[in-house]
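Given these sequences and hints, build the entire structure.
For the protein sequence lines, the chains are A and B, in the order given. If you're matching positions, the first sequence starts at 15 in the working numbering and goes up one per residue. If you're matching positions, the second sequence starts at 15 in the working numbering and goes up one per residue.
It should be emphasised that the hints constitute simulated quantities derived from the structure, not laboratory data.
Among the chain A residues that face chain B by a calculated CB cut under 7 Å, a handful are:
1) 274
2) 279
3) 287
Distance condition first, Cα-Cα at most 35 Å in a straight line; then the derived DSBU-like pairs of lysine-lysine:
4) 337/B x 271/A
5) 215/B x 74/A
6) 221/A x 271/B
7) 221/A x 74/B
8) 215/B x 183/B
Each pair of labels, with its calculated beta carbon distance range:
9) 186/B x 41/A: 52 to 60 Å
10) 134/B x 252/A: 32 to 40 Å
11) 72/B x 315/A: 42 to 50 Å
12) 224/B x 77/A: 16 to 24 Å
13) 315/A x 78/B: 44 to 52 Å
14) 296/B x 127/A: 51 to 59 Å
15) 217/A x 241/B: 31 to 39 Å
16) 266/A x 28/B: 35 to 43 Å
17) 252/A x 226/B: 32 to 40 Å
18) 293/B x 103/A: 53 to 61 Å
19) 158/A x 330/B: 45 to 53 Å
20) 252/A x 36/B: 29 to 37 Å
In this text, a Cβ means the ideal position worked out from N, Cα and C, and glycines have one as well.
There are 2 protein chains.
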Amino acid sequence: MDSRTNHQYRLAARPVGLPQPTDWQYAEETVTEPADGQLLVEVAYLSLDPAMRGWMNEGKSYIRPVEIGEVMRAGGVGRVIASRHPGFAVGDHVSGTLGVQEYCLSDGRGLTKVDPALAPLPVYLSVLGMPGMTAYFGLLDIGRPEAGQTVVVSGAAGAVGSVVGQIAKLKGCRVIGIAGGEAKCRLVVEEFGFDACIDYKSQDVRKALREVAPDGVDVYFDNVGGDILDAVLTRLARGARIVICGAISQYNATEPKGPANYMSLLVNRASMTGMVVFDYADRYAEAAAEMSGWLAAGKLRSLEDVVDGGVEAFPDTLLKLFKGENTGKLVLKVAGG
Amino acid sequence: MDSRTNHQYRLAARPVGLPQPTDWQYAEETVTEPADGQLLVEVAYLSLDPAMRGWMNEGKSYIRPVEIGEVMRAGGVGRVIASRHPGFAVGDHVSGTLGVQEYCLSDGRGLTKVDPALAPLPVYLSVLGMPGMTAYFGLLDIGRPEAGQTVVVSGAAGAVGSVVGQIAKLKGCRVIGIAGGEAKCRLVVEEFGFDACIDYKSQDVRKALREVAPDGVDVYFDNVGGDILDAVLTRLARGARIVICGAISQYNATEPKGPANYMSLLVNRASMTGMVVFDYADRYAEAAAEMSGWLAAGKLRSLEDVVDGGVEAFPDTLLKLFKGENTGKLVLKVAGG
Numbered sequence: 015m016d017s018r019t020n021h022q023y024r025l026a027a028r029p030v031g032l033p034q035p036t037d038w039q040y041a042e043e044t045v046t047e048p049a050d051g052q053l054l055v056e057v058a059y060l061s062l063d064p065a066m067r068g069w070m071n072e073g074k075s076y077i078r079p080v081e082i083g084e085v086m087r088a089g090g091v092g093r094v095i096a097s098r099h100p101g102f103a104v105g106d107h108v109s110g111t112l113g114v115q116e117y118c119l120s121d122g123r124g125l126t127k128v129d130p131a132l133a134p135l136p137v138y139l140s141v142l143g144m145p146g147m148t149a150y151f152g153l154l155d156i157g158r159p160e161a162g163q164t165v166v167v168s169g170a171a172g173a174v175g176s177v178v179g180q181i182a183k184l185k186g187c188r189v190i191g192i193a194g195g196e197a198k199c200r201l202v203v204e205e206f207g208f209d210a211c212i213d214y215k216s217q218d219v220r221k222a223l224r225e226v227a228p229d230g231v232d233v234y235f236d237n238v239g240g241d242i243l244d245a246v247l248t249r250l251a252r253g254a255r256i257v258i259c260g261a262i263s264q265y266n267a268t269e270p271k272g273p274a275n276y277m278s279l280l281v282n283r284a285s286m287t288g289m290v291v292f293d294y295a296d297r298y299a300e301a302a303a304e305m306s307g308w309l310a311a312g313k314l315r316s317l318e319d320v321v322d323g324g325v326e327a328f329p330d331t332l333l334k335l336f337k338g339e340n341t342g343k344l345v346l347k348v349a350g351g
Numbered sequence: 015m016d017s018r019t020n021h022q023y024r025l026a027a028r029p030v031g032l033p034q035p036t037d038w039q040y041a042e043e044t045v046t047e048p049a050d051g052q053l054l055v056e057v058a059y060l061s062l063d064p065a066m067r068g069w070m071n072e073g074k075s076y077i078r079p080v081e082i083g084e085v086m087r088a089g090g091v092g093r094v095i096a097s098r099h100p101g102f103a104v105g106d107h108v109s110g111t112l113g114v115q116e117y118c119l120s121d122g123r124g125l126t127k128v129d130p131a132l133a134p135l136p137v138y139l140s141v142l143g144m145p146g147m148t149a150y151f152g153l154l155d156i157g158r159p160e161a162g163q164t165v166v167v168s169g170a171a172g173a174v175g176s177v178v179g180q181i182a183k184l185k186g187c188r189v190i191g192i193a194g195g196e197a198k199c200r201l202v203v204e205e206f207g208f209d210a211c212i213d214y215k216s217q218d219v220r221k222a223l224r225e226v227a228p229d230g231v232d233v234y235f236d237n238v239g240g241d242i243l244d245a246v247l248t249r250l251a252r253g254a255r256i257v258i259c260g261a262i263s264q265y266n267a268t269e270p271k272g273p274a275n276y277m278s279l280l281v282n283r284a285s286m287t288g289m290v291v292f293d294y295a296d297r298y299a300e301a302a303a304e305m306s307g308w309l310a311a312g313k314l315r316s317l318e319d320v321v322d323g324g325v326e327a328f329p330d331t332l333l334k335l336f337k338g339e340n341t342g343k344l345v346l347k348v349a350g351g
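Shown next, in the form of structure tokens:
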């Protein structure tokens with residue numbers, strides 16, 4: 015193998031608010047040959063996720079922070095180009111935590127083989143990856159929707175929200191999305207099959223909910239927090255379940271805002287429960303099998319927003335998430351795949 | 015029966031912030047003889063509860079608001095002094111929603127006979143009344159503490175909190191109270207048997223929790239909301255359950271504050287669930303039986319703060335709750351009992 019250069023983004027500083035260019039260090043190093051028990055992966059696609067913002071902060075969370083100077087953590091899919099690991103052969107495709115870089119030297123832990131003949135590689139970062147698993151377990155295990163109930167999903171045009179709504183429809187629910195802008199709302203209804211979608215940029219969410227969910231909200235899958243969570247709290251049905259999956263509106267806030275209307279939980283005997291997808295790792299296969307079936311049957315649609323920018327485009331592409339500029343799962347194309 | 019005068023407090027205006035004297039109308043009317051199917055109760059003790067503040071507000075809640083001009087809603091115990099109801103005889107003692115008044119004419123619905131030989135009448139407004147039922151079902155059904163786990167209770171010297179902590183101790187938990195002032199904290203530890211009590215007036219609750227609950231909080235029974243809820247959120251153990259029973263710090267706030275640290279629910283896979291005691295009405299007898307046994311065995315202590323002021327003292331006595339001046343269940347003595 016020729017000597018190759020690995021371009022990477024490392025964390026240079028902990029951001030205050032939105033990540034700035036100075037929070038990143040664009041580094042390069044020579045790719046090392048795998049030692050015994052290692053393999054080398056050429057990164058094809060990287061997953062860009064709202065959760066990345068949290069990983070950049072110091073302090074206790076559900077996963078350790080990325081250290082200053084460390085390659086930024088990122089999920090990805092790629093191709094094995096060298097291997098001295100008995101479980102992986104050159105030409106295999108794998109998904110796992112590959113990092114924001116062009117090549118990943120790995121001992122194989124946490125890598126899963128994927129089959130590009132069954133689904134395009136970006137789908138393994140979307141419906142068949144973390145966003146899909148998050149949607150599946152968050153909705154079904156925590157939200158526990160019943161046929162005929164009303165399910166509301168924020169970030170409805172995003173990687174997780176679009177899958178939550180589609181699964182809720184498959185389970186016989188009435189599904190309302192919340193998204194930003196007319197184009198996204200149209201997509202949510204026309205492509206993802208939601209019953210309605212509220213445009214939080216042009217509509218009063220609380221009033222709109224009164225119209226489209228007159229009997230109240232049984233399950234709210236929250237990806238955004240902030241004012242939208244507060245608006246939905248005013249419209250809960252008795253016994254409602256709120257799934258706290260994320261709070262993208264708050265991740266860059268220096269003074270996060272709590273849901274002022276949380277006492278609606280008492281009035282409506284409702285619950286608000288946090289979920290972290292990693293807790294379901296031993297059931298990913300079960301979810302992937304069911305969702306692969308839905309994909310194959312045309313009952314579930316996976317939508318990726320692929321930016322063909324190479325690893326150097328990472329900092330700017332990440333910001334699209336926080337500006338609400340992506341539609342579907344945001345993926346950065348790094349190599350040919 | 016001689017002609018008697020019934021003194022009452024009726025709601026004159028909906029309060030903004032703390033209830034003012036002008037929010038009340040002190041009225042009197044002549045007591046009417048019971049018609050067929052009715053009974054007349056002489057009110058002995060009235061229960062003064064934080065929830066009363068919510069009943070004075072307009073708008074949808076778990077119970078309809080008290081209307082302007084209506085006798086203020088209040089639970090109470092009293093003695094039947096006239097009856098044309100087959101289920102109640104003169105001399106019976108009853109508990110139920112009697113209202114802030116000296117005499118209550120009733121059709122018997124919602125009244126329960128109580129036995130003053132088994133427990134003093136105020137106990138039927140305390141451990142054997144709504145506060146006790148709230149503590150019992152909120153802790154055991156929603157909090158689901160396990161032996162060895164850490165349970166934290168705010169309003170620990172109050173009617174509900176003091177019972178929550180004692181039940182948690184009976185279930186083998188480590189129990190930490192939060193209360194205001196040294197005297198209350200001493201009571202919580204020495205009389206109610208909690209393992210520790212944090213004085214939120216003189217201590218930093220977050221730091222104090224780090225010391226007394228180093229492994230985190232498994233169950234938090236919240237009566238207060240506000241900054242204390244936010245502090246406890248930073249110390250949750252994995253899988254913690256927060257019972258939202260009340261938010262006395264917020265009831266008089268014109269701009270209620272939400273828990274800014276609610277994303278700790280996600281990090282810790284925790285839940286926050288609202289409870290309303292009325293949902294457990296069909297199981298009150300079961301709880302009362304178990305708690306009567308604990309009372310009789312000296313395993314549970316009921317503490318009432320009885321103000322012997324007559325019905326006219328109602329407005330001032332109610333304010334004691336919001337100033338944190340009561341210790342144990344606040345009860346207003348109206349007649350001899």
